[in-house]
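Protein sequence lines, in the order shown, are assigned to chains B and W. First residue of the first sequence: -2, per our numbering; consecutive thereafter. First residue of the second sequence: 106, per our numbering; consecutive thereafter.
Think of the hints as simulated: they come from the structure by calculation, not from any bench. A few of these clues could be false.
Said to hold, decoys possible - Below 20 Å or equal to it, Euclidean Cα-Cα: the simulated DMTMM-like pairs (lysine to aspartate or glutamate) are:
no. : chain 1 : residue 1 : chain 2 : residue 2
1   : W       : Lys163    : W       : Glu125
2   : W       : Lys154    : B       : Glu56
3   : W       : Lys205    : B       : Glu56
4   : W       : Lys205    : W       : Glu169
5   : W       : Lys205    : B       : Asp68
As the list claims (entries may be wrong) - Here are a few chain B residues that sit away from chain W, every Cβ distance over 12 Å (derived from the structure):
no. : residue
6   : Gly40
7   : Pro66
8   : Ser75
9   : Glu95
Unchecked claim - Label pairs and their in silico Cβ distance ranges:
no. : chain 1 : residue 1 : chain 2 : residue 2 : range
10  : W       : Ser108    : B       : Glu19     : 30 to 36 Å
11  : B       : Ala36     : W       : Ala203    : 22 to 28 Å
12  : B       : Ser14     : W       : Lys163    : 44 to 50 Å
Computed from a predicted structure; not experimentally measured. Think of the CB as a built atom: it goes at the ideal place given N, C-alpha and C, for glycine as much as any other residue.
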Amino acid sequence: SQTIHQWPATLVQPVGSPLSLECTVEGTSNPNLYWYRQAAGRGLQLLFYSVGIGQISSEVPQNLSASRPQDRQFILSSKKLLLSDSGFYLCAWSWGYEQYFGPGTRLTVT
Amino acid sequence: AQSVTQLDSQVPVFEEAPVELRCNYSSSVSVYLFWYVQYPNQGLQLLLKYLSGSTLVKGINGFEAEFNKSQTSFHLRKPSVHISDTAEYFCAVTRRGAQKLVFGQGTRLTINP
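Take these sequences, add in the hints, and give me the full structure.
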């Protein structure tokens, strides 16, 4: 069966510091991968998605970036965090039309 | 472009009462529809999906949804809710060949004893 991991689970970072969130999927190959953000009390915002290694589509221009160095690894990064980057970050994978979500990372920028 | 409207941002119901969470979509082509549940501080879990076939779809935890093409709706129902159903519920839509889901803004279901 397929499993999706995200780490860390929680993170508190000061404004201006770098960010690296990692997502890995087990039990499948060549999945589509997605990064979403949920601000407090709000819906899902798609940030990036990838249909293959090195292929990244950006949905929202901002100070975040994504990379897919391996087939089942998806990384979300920032060089300098802003207060507005706080939120709940979710990674998801799909092989058909439905998506399957990881447990999320709670990021607080102080 | 596709869009999804969840008509109620919050729905309070009493335990063991029936519930309906409403979802309407707009699309000019055939669609695939989904309902997800999110418990506090967790990721989203797929409740059920409509891809084709029977318009009445049964999912996990006793939930079901009915695809109504003429009404462009995909409402979620449960005949008797439990305290454990307290969560945020998201409706989502996509179309053939699309790589992304379009999500509604979510409905917060609160079950009162």
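(message) Please list, smallest to largest, the hint numbers that this structure does not respect.
(response) The structure breaks hints 2, 4, 6, 9; every other hint is satisfied.
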